[in-house]
Amino acid sequence: MATRNIHAWNTKATVLTILGAIVALLGMLWVVQGLGIIQIDPILCVADCEPITGRSVQWTVIGAITLAVGIVGVWAGLRQRN
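Counting in our numbering, the sequence shown tops out at residue 92, every number present.
Do not rely on the hints blindly, as some may be mistaken.
Beta-carbon label-pair distances, calculated as ranges [unchecked claim]:
hint : residue 1 : residue 2 : range
1    : Ser-66    : Leu-35    : 15 to 21 Å
2    : Arg-91    : Thr-63    : 22 to 28 Å
3    : Arg-65    : Gln-90    : 35 to 41 Å
No lab work stands behind these hints: they were computed from the structure.
The model shown is predicted, which means the values in this text are computed figures rather than measured ones.
Each residue gets a CB set at the ideal place from its N, CA and C atoms; glycine is no exception.
Produce the complete structure using the sequences and hints provided.
So this is what it looks like as structure tokens:
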């Protein structure tokens with residue numbers, strides 16, 4: 011029974027680490043787009059989508075917050091594994 015509980019923790023920690031990494035990478039992308047370092051055309055648009063041109067404080071802040079949340083997720087996942 012104890013082995014199953016440890017396995018559940020490892021699975022949960024792995025999922026948390028992977029999701030945290032994905033969220034952190036997305037946040038990083040939004041930060042560099044908001045800073046105007048890279049420009050990517052919209053891929054899946056449902057409305058009138060236009061690419062971000064130049065700098066955008068809004069996307070830089072959103073990206074920084076998302077990056078921080080992702081880093082916390084990775085940290086929490088790695089901490090649970092130990």
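Structure-based check of each hint:
1. The beta-carbon spacing between Ser-66 and Leu-35, approximately 19 Å, falls within the hinted interval of 15 to 21 Å.
2. For the pair Arg-91 and Thr-63, the beta carbons lie near 42 Å from each other, so the given range of 22 to 28 Å is not met.
3. Between Arg-65 and Gln-90 the Cβ separation comes to about 38 Å, which falls inside the hinted range of 35 to 41 Å.
Taken one by one, the earlier hints fail for this structure only at number 2.
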